[in-house]
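Use the sequences and the hints to build the structure in full.
Number of protein chains: 2
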Amino acid sequence: MLRLFGRWAMLFWLMAAALLLPSTAAVADDGYDLWLRYRRLPQAALDQVRPTVAAIHWSDSDDVRVQTAAAELNRATAQILGDTPSSTATVPRSVVLGTPGGSPAIARLRLDLRGLGDEGYLIRSTTVDGQPVTVVAGNTGAGVLYGTFALIQQIQLGRPITGITIRSAPKLKLRVLNHWDNLDGVVERGYAGQSLWDWWTLPAFKDPRYTDYARANASLGINGTVLNNVNAKAESLTAPYIAKAAALADVFRPYGIRVYLSARFTAPMELGGLKTADPLDPQVAAWWRAKADEIWRAIPDFGGFLVKANSEGQPGPRDYKRTHADGANMLAAAVRPHGGIVMWRAFVYAETDPEDRAKQAYTEFKPLDGRFADNVIVQVKNGPIDFQPREPFHPLFGAMPRTALMPELQITKEYLGFNTHLVYLGPLFAEALRADTGRGRSVGQVVAGERLSGLAGVANIGQSRTWTGSIFDQANWYAFGRLAWDPAADPDAIARDWVGETFGTDPRLVGPVTAMMAGSREAAVDYMAPLGLAHLMGTGHHYGPAPWISDLARPEWNPVYYHRANRAGIGFDRTRTGSNAVAQYAPDIARRLANPATTPEPLLLWFHHLPWDYRMQSGRTLWAEMVAHYDRGVAYVADLRRQWAALAPLVDPDRHAQTAALLQIQEADARWWRDASIAYWSSINGLPLPPGAVPPEHDLAWYKARQVPFAPGNPK
Amino acid sequence: MLRLFGRWAMLFWLMAAALLLPSTAAVADDGYDLWLRYRRLPQAALDQVRPTVAAIHWSDSDDVRVQTAAAELNRATAQILGDTPSSTATVPRSVVLGTPGGSPAIARLRLDLRGLGDEGYLIRSTTVDGQPVTVVAGNTGAGVLYGTFALIQQIQLGRPITGITIRSAPKLKLRVLNHWDNLDGVVERGYAGQSLWDWWTLPAFKDPRYTDYARANASLGINGTVLNNVNAKAESLTAPYIAKAAALADVFRPYGIRVYLSARFTAPMELGGLKTADPLDPQVAAWWRAKADEIWRAIPDFGGFLVKANSEGQPGPRDYKRTHADGANMLAAAVRPHGGIVMWRAFVYAETDPEDRAKQAYTEFKPLDGRFADNVIVQVKNGPIDFQPREPFHPLFGAMPRTALMPELQITKEYLGFNTHLVYLGPLFAEALRADTGRGRSVGQVVAGERLSGLAGVANIGQSRTWTGSIFDQANWYAFGRLAWDPAADPDAIARDWVGETFGTDPRLVGPVTAMMAGSREAAVDYMAPLGLAHLMGTGHHYGPAPWISDLARPEWNPVYYHRANRAGIGFDRTRTGSNAVAQYAPDIARRLANPATTPEPLLLWFHHLPWDYRMQSGRTLWAEMVAHYDRGVAYVADLRRQWAALAPLVDPDRHAQTAALLQIQEADARWWRDASIAYWSSINGLPLPPGAVPPEHDLAWYKARQVPFAPGNPK
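Keeping their order, the protein sequence lines are chains A and B. Here UniProt numbering is used: the first residue of the first sequence is 1, the next is one more, and so on. Here UniProt numbering is used: the first residue of the second sequence is 1, the next is one more, and so on.
No lab work stands behind these hints, which were simulated from the structure alone. Any given hint could be a false lead.
Copies of one chain are not kept apart here, so a pair can be met inside one copy or by any two copies together.
[Said to hold, decoys possible] When the alpha-carbon atoms are kept at most 30 angstroms apart in a straight line, the in silico DSS-like pairs for lysine-lysine are as follows:
1. Lys366 x Lys321
2. Lys233 x Lys359
3. Lys366 x Lys233
4. Lys275 x Lys359
5. Lys321 x Lys233
6. Lys275 x Lys321
7. Lys275 x Lys704
8. Lys704 x Lys366
This structure is a prediction, so every number in the text was calculated from the model and none was measured.
Below is the structure:
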């Protein structure tokens, strides 16, 4: 058969080719735009929006962040309207941006901006000279910038912007990403390619991507970024690297983002040639003061240091028989003249301490309450172990009333399937922040109460075109930012916003995708580590199941340390008959956790060692309940695949195909987790599978032999 | 001052914002399109082109590569015409694509396709039924595909496509990229981010970028790709990794590209549990046969293996007292039933051999001439050392008449400033291929004469948005492909095409940029290693100058081994009074190289140790000439910066800014090379600087102390 195509046919072929051949970036929807995806709205919505954004008014006596806000609003509305601007030059002003101090137009409106602080905003529909306008106001340019992004979001989601009043201010002051980015470009626990920071070409070349990174963060209210890994190299504090960090700070400043650096505690020895890094040694303190002066000369709004000390091989004050407070306060004194702060991590577990690892941070830090300088904030992981699929809240929250604490969340999914698994972390983050400390306040409320407050998230960002290695992992960055602004925010509502901004507002898509996300973290818990189990993954990579591992040098590196399964039962007894970790919680909480019957079932095996035939609330035995959870997790992922396949007509082909491929991997992995785990537990408890349960596809030896070579995120 | 902007003003602001704020990928010209950048032509050119591409005719009984060709032509013309296709359905056919065997329309034309082989093409303007048409024909789909890309290039460059006849066939059969990509994503000597291959998500996810990679290669005629590093891991030959390679092969097949793998010689031990990898052991041979069968089942058009054996720590047949021919022939027997080949590297230098390193490959391989199976091709680096800024051609070229040889070029600039320096390698490649072997034929002619022939290029490609870490490094990929097709092609003409396709055809831009590129490699030689010097760079990173290094374990790792500078003179005596490496060349060449007066000055110190006051053709002393070269190199780069700055109005802002930043680095680096080198040579020869020469900015100690931490491309 011969074919002859005219130019109409060519159009057809071009469209066909666009399906068959992946198109170039110029046309492909490759995920780069993140949630700042400004596409033309449906006509009815457009007609409504157009007059409300016809003219943007701001004052150039406002600061650079207001100028940034105006540019962002222009860019967004032009892309969303998607048409040639109207030709009249006489349209009335329709949006007014600014601060009372910088804009006479705002000042004249005499808006009530009390309670908005340095970063809050007010969006209000009002009239000026009888004309309807939308005002975006704040006490500073930062507030105006955040308010403008909130206004853009309204427009983007097709929500009316007439007759509105939105007041919002962040509950936490430091909303910070921690990049575990090494200076050689490798990102520890990074699943999205090389580090975003091209240290090699900085400071000469400022990749446009740095600006897009800042835009994305500013749109969420993220106001700080720690550029380098907490496992820090001293080199990041040398003059060439300070100049590189300064170049990034220059890019981020118009977006209200400060730069921080992770500091290696022994830098005075490695760079300064000192014989000690003892925090009480005057020469050491002087070295850090001089170093702080040097950094602030290059970066006038530098934020300060993040320190991982005496943890997993990093040096710290304990090497000199000093306390963590001694170390933190010495650094705090160095940065104080510049208004800087020190974020000091509480993630410690001693190499020689035989105590339950879950107890060690509390044991070490609780006695230091009240001894940290007021420009120190202690960064505490959400749970007492290490970013597991589910942990109870960290007992330090509520236990250090005289110390500023900031929770550390992990956005990158080290223990939750990397970028490969669709696991929306909003519910995990919210669970951590909403946890009742037993002291009348939630974790989120406890940490917000301090003069210094914040939330840290270990970034999942790299040079991957999608930024995060998958489309759905973008939602985890997004949810972190939204919860840092308001720890009480609803993760499902956050997901709904993200879906609308990322995929469009078609309700046939928004509802199902939001629902897919909502249960995805619980599904991962189910197929990986149900009922309070934790730390069951393979050594090094942390990706696949290996509950059988028992031969690593340190006891608390081995999965068997955590699950303690034997013929009689399973679980870690953290009551008085065990490690008594429950005693680290407030009395009410401790009392409930001390009893299996009053311990929430999702945390049951975290706190209790129970017989395999322990009777669960469902009436099932513990063993049958475990198997049911594994099955439920696998079924959820299978369902994710079906639902996503059905959404194909509503999603652009590139983003649909990538997600479909990753879901295919996830389903196979969920089965792997379930089957390997069941095969192992069966080998320990000798019990038959509950009736109706599907036996593992392979025998235990097969799962033990399975290798995970060259897993990403695990630097040598 | 207050501002009020109407929608026209908003348009202005949007444009301003586009300049101030880097725009998203949807609008930014970020280099991703490479030379396949199809932009609307000027109106006059459009009017000329439009009727000639109005209707594309092909037959679906042709193979998938013809379908690919038609889709590519559709895509290109639609983007270049940049308008809505005409609405007539009755336009005459204007382009006819196909093979005589697959397309009756082509068969009826009775074109003379003799001499075009399997991959050549004929583009000819002719008439069909009285209507003018452009025919693109080949004996196979591959020829049609390459011809179609050639036609697209004509259109893209605004060249008329009426009244043309273009016949072209590749001079070399294997036109292959060697990826030094490790399975963990790190690219050895890679300066463009992580490996393009996301082994982690393969085979489930086929990144659209894989297709764009194939398109770019096919447009140059590159027909093979070795996916993994020659420093190979056995794991790449396991079933999971074969499946991943197969997924890539599926993507590449429609573009005429075969997949090859680097093979680790001891894989039968590591994967097969054998006690030996002795090539003469029957079990070893059987293991490789079974492995080849397994790979070809998954990849029916698999190409074969590339092997680095007994070189820099890699295992090989010499470990069993067998020859390279023994090893290669054993593998060749395994792949022969499938039509596969073995590319066997001649880059060897023995750990214990005190002989001049430049001589060792010849010494070891020359005696094996005629002993390699006919499906083995020996891959020989262009020069006898290792991809230095300038080397003489490798003496093996012309010395193994009974062995198929393929030159190995390095596209990635390990020794030429990484992605940071603008160094166009076309002249280096052409110099290597045009070198007179002294046996009546150039290197390019010698290697083309064999039944099996080819050219290998070590790829400079990674996940960087620009693919190669800079815009101008794209030209090196391009030049490699063009020279693999025709080793006699003119590098300046290639540069001119590349500039036109990459930046547009404005003559105010094409001329100057082509000229900038033309001299850039000589400039790098001048500021790094003039007059035949080589291997003067710092240990490990290979980026900056360190001619003083003398303390590395093996003599031939040290720069002092190569330059042999002392108070009396400088250079490596490779004549009879020295290592007599000249004797490895054909007699005429050897005779000329044996005498400084008849040795080309660019190679003078490669072959001769000469006194500092040796009189050069310029009349200057050697020392003064060296300094003049350093100065010339620095001046060239300074001039590059000036010229590029002046071109700002003609280049899109993103690509201009990136290149300007890199040129800034390059100029500083050129000064560093010059000043460090001159400081060191002065310390050796004790001579004053020639009159007028600028003294080094710092003293020698400063240059010696300078560190290059975290240089890319140097895996731990």
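Evaluation of the provided hints:
Proximity of Lys366 and Lys321 under a CA criterion of 30 angstroms is satisfied intra-copy only: 17 angstroms inside one chain copy versus 66 angstroms between copies. Within a single copy, Lys233 and Lys359 get their C-alpha atoms as close as 29 angstroms, which meets the 30 angstroms cut-off; across copies the closest is 42 angstroms, which misses it. For a Cα distance limit of 30 angstroms, the shortest separation of Lys366 from Lys233 inside one copy, 29 angstroms, qualifies, whereas the shortest one across copies, 49 angstroms, does not. In this homomeric assembly, Lys275 and Lys359 never come within 30 angstroms of each other (Cα to Cα): the closest approach is 34 angstroms inside a single copy and 49 angstroms across copies.
With identical chains, the CA atoms of Lys321 and Lys233 are at most 30 angstroms apart within one copy only, with a shortest distance of 23 angstroms there and 45 angstroms across copies. In this assembly of identical chains, Lys275 and Lys321 lie within 30 angstroms of each other by CA distance solely inside one copy; the values are 16 angstroms within and 53 angstroms between copies. Taking the shortest Cα distances, Lys275 and Lys704 sit within 30 angstroms of each other only across copies (24 angstroms), while inside one copy they are farther apart (47 angstroms). Taking the shortest Cα distances, Lys704 and Lys366 never come within 30 angstroms of each other, neither inside one copy (40 angstroms) nor across copies (49 angstroms).
The structure does not agree with the numbered hints 4 and 8 stated previously, though it agrees with the rest.
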